[in-house]
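Listed below, chain by chain, are the residues.
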Amino acid sequence: MDFSIVSILLLDGLTNGAVYALMGLCTVLVFSVTRVIFIPQGEFVAYGALTLAIFQTGRVPGTVWLLLIMATLVALLDARLHWQQHRNAVGALAAAARSLAIPAAICALSVWAAPQQFGLLVQAALSVAIVTAFGPMVYRLAYQSLADASSLVLLIVSVGVHFAMTGLGLLFFGAEGYRNPTFWDVRINLGPVLLKGQVIIIGAATLALMVLMWQFFSRTLYGKALQATAINRLGARLMGVSTIGAGRATFAMAALIGALSGLLIGPTTTVFYDSGFLIGLKGFVAAVMGGLQSFPVAAIGAVCVGLVESFGSFWASAFKEVIVFTLVLPVLVWRSLSHGQSEEH
Amino acid sequence: MQVLKSLATSLAALALCAPALADITIGVSLPLTGPASGLGIPANNEIKLWPTTIAGEKLKVVVLDDATDPTTGIKNAKRFVTDDKVDVIIGSVATPVAIPIAGVAAESETVQLMLSPAELPAGKDAWTFRMPQSNSVMAHAIVAHMKKQGIKTVGFLGYTDAYGESWLRDFTPEAEKNGIKVIAAERFARADTSVTAQALKLVSANPDAMLIVASGSGAAMPHKAIVERDFKGKIYQTHAAASRDLVRVGGKDVEGAFVVSGPAVVADQLPDSHPSKKVALSFIVPYEKAYGAGSRNQFAAHAFDAFLVLEKAVPMALKKAKPGTREFRAALRDAFETMGRTVVAHGVLNWTHDDHWGYTLETGVILKVVNGDWKVE
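Residue numbers (my numbering), protein chains in the order written: chain A, 82 to 426; chain B, 811 to 1187.
Please keep in mind that the hints were generated in silico from the structure rather than gathered at the bench. In this text, all values refer to a predicted model and were calculated from it rather than measured experimentally. It cannot be assumed that every hint is accurate.
[What the hints assert, rightly or not] Chain B regions said to be covered by chain A (calculated; three or more residues, Cβ under 8 angstroms):
no.	stretch
1	921 to 929
2	1138 to 1145
3	1177 to 1186
[As the list claims (entries may be wrong)] Here are the computed lysine-lysine pairs in the BS3-like style, where the Cα-Cα straight-line distance is at most 27 angstroms:
no.	chain 1	residue 1	chain 2	residue 2
4	B	K957	B	K1088
5	A	K277	B	K1062
6	B	K868	A	K277
7	B	K962	B	K1087
8	B	K987	B	K1087
9	B	K1099	B	K1130
10	A	K277	B	K1044
11	B	K934	B	K962
12	B	K870	B	K1178
Beta carbons are placed, not taken as given, at the ideal position from N, Cα and C, and that holds for glycine.
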């Protein structure tokens, strides 16, 4: 164990920690706004990376068709809701068209663009668009009608959504993994550490996303509305903030960040259809460290998870996961001792 | 009275139908989902190409997904023996699932054709026959090759599951016999986002060669990580990695890697004198016709071989008993143990009462990745 080994492990831990931090932030965000413990967060990572991988082969990813099917279901549900409330056929059709328009446009664009083999960046943008569109649909189909149910019910629904998304992932992408081409093929030697372009991108993108989120929540009206919902749902609703709208927006953000994370790690590891779960789970460990409410603590916790994982793999690779997930125990003990009993909601 | 009459008629009808129940029933439990689905799906693809009869008897194949989950595997196996009354259980491809299924097979006295090279405690494999080469047969081929290359020390990087562990257990003594030492052993899981730390530790131990124990595209990431750490020695991969996916995901980093494999996947490169060449080609040609050029793989070949051995053993067992009975199952087991030398796509099998592995030591073929393709060494 000398300086060069420590520095390589540090870099590796920070790189992974950055992605876990994004997962952790999403988990905190989704939980605080909608009270959903969003287990399938990691699935967006796998979907993002694998959708790009399929685009790379010049085929239309299965996620496109899934998006279309989900959009149709959402449109039918929205039309029915409108009909029940207003008894107005034209209005119902308009509501359906509104829900269907954006996903359908994304699907059409993807089907057209897939065989053209555009550049990597265009395909990456398309992949992000497809996966981001999943966010609000998942909320609409799985959670919206249960918005007032207990956290436990929402958690159980999350488990169901996770299994459904993993299974569909296997159907669309197959059992074998993919590795995406790197976005920036540069190698810088800093002493013993080899700094690769993709690692720089991961670090920069994570920082940029965090700053953007911070600005979004503190500066924009929309962000403040989300924050208000997170602090007090009923109060926010009385002030005219749509909790449904807030839920959809939150899930869209979670899906967006998930898809971006997928693009970030796609070139550094082999991504399988079920790779997302463990990534999301490590983000969840970080989110728990932040008590599912503090963004900065979750981010710091994620970096800790990344570092522990990296050093744990070096010293005792057979027990790596055990070490990482045992981390959560002292945190839970400390939290329950320092915060006392909180009321069950 | 009317009721009685119809009851009698239906009973009579049932009795007439009875011979149909004597079809040969095969229960197949494969990981069609979950971490080992990359192994289970191709095996299932081959089973879809099986003929519908065996030795003139109709063949009924029940395929269930075990989701790479030992509990589901046991459930499937119990369903096979209690509900479907199968004559043979095939599966699983995943070692952690295949082991508990062997327990059910032994308890119910049903022959299990295991598609994974799982180690069982002595006496527990009385009803289990393995289709893949044992890890020690494959380790023998790797060690022989290493010896020729003058390798003295080896670093081990394997899955943290039964497959990785059993390789380490089989490889270490075989290597030591030949003066090769395993100087570092690290583990990883398929879905890990990084194996940098493990690769770092192994490379800093500075062995002459690395042995990576992983399957399919999961074998590419550790390989790349080791190459990235500027490892200059030789890198070996096991037979679970002998698929196109290694090259597809690994790209130029896996160039020059040595992969041990059964003869089935490289049949066209084998000399005509190789006993398995003809059989292996009769596996590859229809399979690639159905699933595309280059789709051949280790696991589909095991499923192909399973049918071959059944084709030889079933007529022997049919002479003694009727399918669907306990006697038939026992006769089938005896047939497997006494049928002698059997040429299959993956080598030459010779199961005996004491040896349910059966492959001869010459089975393993070392392939080298050259220009993204296999080349027999």
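Mind taking a look at whether chain A covers the stretch 1138 to 1145 of chain B? Criterion is 3 or more residues with CB to CB distance under 8 angstroms.
-> Not satisfied, violated; 0 residues make the cut.
Pair hint K987 of chain B and K1087 of chain B, alpha-carbon separation not exceeding 27 angstroms | violated (31 angstroms)
Straight-line Cα separation of K868 of chain B and K277 of chain A no greater than 27 angstroms?
-> Violated, because 60 angstroms separates the two Cα atoms, which is more than 27 angstroms.
Can the restraint linking K1099 of chain B and K1130 of chain B be considered satisfied, given a maximum Cα separation of 27 angstroms?
-> violated (38 angstroms)
Proposed proximity, K1087 of chain B with K962 of chain B (alpha carbon, max 27 angstroms) | Violated, because 33 angstroms separates the two Cα atoms, which is more than 27 angstroms.
Going straight from one Cα to the other, do K870 of chain B and K1178 of chain B come out at no more than 27 angstroms?
-> violated (40 angstroms)
Is K277 of chain A within 27 angstroms of K1062 of chain B, Cα to Cα?
-> holds (17 angstroms)
Would the pair K277 of chain A and K1044 of chain B pass a check requiring their Cα atoms to be no farther apart than 27 angstroms?
-> holds (24 angstroms)
Claimed coverage, the stretch 1177 to 1186 of chain B by chain A - three or more beta carbons nearer than 8 angstroms = violated (count 0)
Checking C-beta pairs, does the stretch 921 to 929 of chain B have three or more residues closer than 8 angstroms to chain A?
-> With 0 residues close enough to chain A, the hint is violated.
Does the alpha-carbon distance linking K957 of chain B and K1088 of chain B stay inside the 27 angstroms limit?
-> violated (30 angstroms)
Between K934 of chain B and K962 of chain B, does the CA-CA distance stay at or below 27 angstroms?
-> violated (36 angstroms)
Of the numbered hints stated above, those contradicted by the structure are hints 1, 2, 3, 4, 6, 7, 8, 9, 11, 12, listed in ascending order.
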